[in-house]
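So the chains spell out like this:
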Amino acid sequence: MKVITANFVTCSVKECKTSPSAFPLHFHDAELEMQELDFQPEFIRNVLPRIDWEALRVTANELGFPSLPESKPEGEALDDEQTLKDLHRLLLETQVMEGRLICGNCSHEYVLKEGIANFLLPSHLV
Amino acid sequence: MLPTPDTSHVSFDTIYEPSEDSYLFLDTLSSPSESKWLIEKFQSANPMPLVVEAGTGSGVVLAFTAAQSQEIFGRRDILTLGTDVNRNACIATRQTVSTAIKEQQEAQENPADSKLHAVHASSITSDLCSALRPGSVDVLLFNPPYVPSEELPRLPSAEENDPVTAKAMSRSAKFENDSYFLSLTYAGGADGMETTNRLLNDIPGILSSRGVAYVLLCKQNRPDEVIGRVRNQGGWCAEIAGSSGKQAGWEKLVIVRIWREDRS
Chain B
257 MKVITANFVT
267 CSVKECKTSP
277 SAFPLHFHDA
287 ELEMQELDFQ
297 PEFIRNVLPR
307 IDWEALRVTA
317 NELGFPSLPE
327 SKPEGEALDD
337 EQTLKDLHRL
347 LLETQVMEGR
357 LICGNCSHEY
367 VLKEGIANFL
377 LPSHLV
Chain E
58 MLPTPDTSHV
68 SFDTIYEPSE
78 DSYLFLDTLS
88 SPSESKWLIE
98 KFQSANPMPL
108 VVEAGTGSGV
118 VLAFTAAQSQ
128 EIFGRRDILT
138 LGTDVNRNAC
148 IATRQTVSTA
158 IKEQQEAQEN
168 PADSKLHAVH
178 ASSITSDLCS
188 ALRPGSVDVL
198 LFNPPYVPSE
208 ELPRLPSAEE
218 NDPVTAKAMS
228 RSAKFENDSY
238 FLSLTYAGGA
248 DGMETTNRLL
258 NDIPGILSSR
268 GVAYVLLCKQ
278 NRPDEVIGRV
288 RNQGGWCAEI
298 AGSSGKQAGW
308 EKLVIVRIWR
318 EDRS
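Residue numbers (the numbering used here), protein chains in the order written: chain B, 257 to 382; chain E, 58 to 321.
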């Protein structure tokens, strides 16, 4: 599971959808793997507008990455190759292989195994 | 004809084997009329579209969409995500999509900075779109379990998808388990619509403001009624985007495009 995924998923429990604390889900015991991918600055520039930056900062921090800048790179900052390369590495090259994703609202834990996160709920929560 | 993604690595014990409906999806998305519609919507619009397939199975539809994004959306950057209630299908999809992207890139002779740059974010085990953030999906693809059946198979639990559980099974238990997972790929309950109806109800919440959904229906699903229902909820459009296999004057399978009315 590429790290960018964390920006698009939330808790499967219906009642959590409206709770701000259900997003992003929180990584625990994450095991990472780097998978090299061609660096294309244009891709990062085009994907950035749809990234929830606050959520990504939380995720990066939980995965042990250096702190991201407080605000999303815009304008001239998008010409800085190092900035884009760092984001490429975090969002697209970093794979979370094992670990848990925990909802900040209901505390339900979703398990990640071999890079596949399992968002199915136990029957009492469906 | 655009190449069909390779699924030779997929074991069809628990996963739906690409069939007429899957191929209708490929043909519809890449048809001149449909790609024209999609290119107008997504070619120059930033940010890049997030394409999600619910119930990917082998991943053949999502892989095709990713690999042919230039033909379908008029842009080479695209982000894909797949969901399925069967963990094996998620593993299969991950490989089908990455392989299709890689093969397309290798076949392209243009310089590296103008090659296809589709990225598969991940395949997740989930019920339809229930784990996705509201309003996040730009293109939603759904080839449902559409066959009418007496009962709708229940959803698997997280534990049933644990690889450890499957490894500990006896031969007969595995056979039963495989049949159960296969039934999830086709059995749609009453009118074959029980799962599709749940997805249709999710569409307004899950699609972005520019979002569009493609849903496959068979004749017994009564496509005309479905289209009427979508249109009647106000602010939504629905149209047949592709069809196949005429049977006694009726289309056997259709793909319906559902999108928000343009209020500008």
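Do not rely on the hints blindly, as some may be mistaken.
Some residues of chain E that are not near chain B, with every Cβ distance over 10 Å (derived) [stated by the list, open to error]: (1) Ser-183; (2) Ala-247; (3) Ser-266; (4) Glu-318.
Mimicking EDC-like on lysine to aspartate or glutamate, the simulated pairs with C-alpha atoms at most 16 Å apart in a straight line are [as the list claims (entries may be wrong)]: (5) Lys-159/E - Glu-292/B; (6) Lys-270/B - Asp-184/E; (7) Lys-273/B - Asp-259/E; (8) Lys-159/E - Asp-294/B; (9) Lys-270/B - Asp-259/E; (10) Lys-369/B - Asp-259/E; (11) Lys-369/B - Asp-170/E; (12) Lys-273/B - Asp-184/E; (13) Lys-172/E - Asp-336/B; (14) Lys-369/B - Glu-217/E; (15) Lys-341/B - Asp-170/E; (16) Lys-172/E - Glu-298/B.
Sample of chain E residues facing chain B (criterion: CB under 7 Å; computed from the structure) [as the list claims (entries may be wrong)]: (17) Ser-187; (18) Gly-192; (19) Gln-290; (20) Gly-292; (21) Trp-293.
Keep in mind that the hints were calculated from the coordinates and are not lab data.
Every residue gets a Cβ at the ideal spot worked out from N, C-alpha and C, and that includes glycine.
Open item on the list: Need the list of violated hint numbers for this structure, in ascending order.
Closed with: 1, 10, 11, 13, 18, 19, 20 and 21
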